[in-house]
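Let chain A serve as the given structure and place chain B on it in line with the hints.
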Amino acid sequence: MDYMLQTGSGKQNAGKYTAIAAAVCIVLQLVLAPHLGFLSGFINFSLLFAAFVVMCSQETVSIFLAFFAGLFYDLCASEPLGLMALCLCVAAFVYRLLRLGTQSFTSALLYLDFLWMAALVLLLWYIALGLLGLAQSVPALIINSFLPAFLVNALCFCPFWYVLSRLNSQNRRLNIGPRSGAPDLK
Amino acid sequence: MALKKGTSLKLSRDNASRADALRSFFLCCFFSLVLITVDMMYPDFVAFSALRSAFATVTQPFLALGATITAPFKGLSNVAANLTASEESLTELESENALLEALNAELEESAQEAERLRELLELSDAYNLQATGARVIARSTDAWQDTITIDKGSSSGLSAGMAVTSSAGLVGQIIECNLTSSVVRLISDASSSVSAMIQSSRIQGMLEGSITGELTLTQVSTVNTVAVGDVVVSSGLGGVYPKGLPIGRVIEVQSDSSSLELEIVVSPYAGSGSYEEVLVISSLTEEDLAYGDEVVFFESQ
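Those protein sequences? They're chains A and B, same order as listed. Okay, so the first sequence: first residue is 8 according to the working numbering, each after it adds one. Okay, so the second sequence: first residue is 22 according to the working numbering, each after it adds one.
Treat the hints as calculated values from the structure; they're not laboratory data. One thing to keep in mind: the hints can contain errors.
As the list claims (entries may be wrong) - Derived DEER-like restraints, expressed as beta-carbon distance ranges:
hint, chain 1, residue 1, chain 2, residue 2, range
1, B, L124, A, A126, 39 to 47 Å
2, B, R34, A, P155, 35 to 43 Å
3, B, L114, A, Q177, 52 to 60 Å
4, A, Q177, B, P93, 33 to 41 Å
5, A, I134, B, L120, 36 to 44 Å
6, A, I150, B, N118, 28 to 36 Å
7, A, P155, B, A132, 49 to 57 Å
8, A, Q177, B, T91, 29 to 37 Å
Glycine is no exception: its CB is placed at the ideal position from the N, C-alpha and C atoms.
Only chain A is shown next, with the shape it has when bound in the complex (with noise of 0.2 Å):
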């Protein structure tokens, strides 16, 4: 799928659909995320936006995107900043790695991406947070926290893993060009 949107008319649409998650996770982190919640674990919509936009376009800007998404979380919260910049952007970068070259994706595939980016995200994260001496104790929250936002963020990402799903199976009907993987015979 991150080939498909390689082409001017794709790349348009990256930049489209990337804008509208921008301005929809701003505004639903702070309106909505400070209020609610399970458990102990908050929703992340920053990180909702750094796993949509690096799946949806492996430009390197989406690593760079990942690391302003962190920025502005961090503005939100009280952590130091630049912690869930690093966290995001190192996601963003193991993503790449791993998904360089691939050709095709299912929904499924796209789901599990997300669960694992976000199970390092978090795991960074509640970690660096301990080595910093803010929790006093990292293994309490992993249990207590870590596991609620795991949750919390798996079940928020439906919607965003619903549009990837549609941009996914759009892009297999149109099936564009030489960068869909397929070799070039001439």
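Relative to the frame of chain A, chain B by itself:
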């Protein structure tokens, strides 16, 4: 051969992409680590504080909107949390609740005291009184005397004969002054006699107490007109009580054909149990006393 060329193109594209990704990643990591380090080492760093402050200002309307929208849903989450509350947490909450109730009662008491003291201060300012504040620490227990005891005495500059007032109105006069306490005879006491006047008509009289605690304004001729509801204030004659201090309100006026004086019953503003802090008027200025023409007027009545 074409197939090999296509594959090598793809590989070179992948390598370029990988290199791009690596560069971007290292750049973002570097900036993140710098930000984290500066924020941890210098929590009051001016640029970060200004950025956070500006961000908070810009996003504050969104946060307020979110609080309004989600307020109805928070109750539902509390219900869910309460359903899983343990016995230990319930016991802890009950004891905390009891402590908070006691603290609340103390704070309520302090708030009421502060309000009373503020009213006393306003009274002192309004009448430009040179006064000392004191607390009521005891009341008379026998039926013959109507007195209170306050917690200030000669050590605080008080002496017998000083007038005592509350924020509501005149209370009485110090009759006994010890080192750290004083006894105040209330105006309702049978031995009490206060020079008073009707505020609106300036009709002078003597306000006297009684065994029953009833206040009566005497020495008012029947030629004068006094109405129920008229306000009675101190006249300033005699040099004991300052002029103009509110005392009470006329509740009954009776005129006996065989008498030359009206029987005027006054209800005091400062009821015997309505004050806990009082002001002792330590000295009277010229303006607190009656003028010479007012004295003449009284003598002519």
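Okay, the hints, checked on the actual structure:
The given range of 39 to 47 Å is respected by L124 of chain B and A126 of chain A, whose C-beta atoms sit roughly 46 Å from each other. One distance hint, 35 to 43 Å for the beta-carbon pair R34 of chain B and P155 of chain A, holds here, with the actual separation near 42 Å. In this structure the hint that L114 of chain B and Q177 of chain A lie 52 to 60 Å apart at CB holds, the actual value being about 55 Å. Against the hinted window of 33 to 41 Å, the Cβ-Cβ separation of Q177 of chain A and P93 of chain B comes to about 39 Å, which satisfies the hint.
The given range of 36 to 44 Å is respected by I134 of chain A and L120 of chain B, whose C-beta atoms sit roughly 39 Å from each other. Between I150 of chain A and N118 of chain B the beta carbon distance is about 30 Å. The supplied range of 28 to 36 Å therefore holds. The hint said 49 to 57 Å for the Cβ distance between P155 of chain A and A132 of chain B, and at roughly 42 Å that hint is violated. Between Q177 of chain A and T91 of chain B the beta carbon distance is about 35 Å. The supplied range of 29 to 37 Å therefore holds.
In terms of the numbered hints stated before, the structure departs from hint 7 and from no other.
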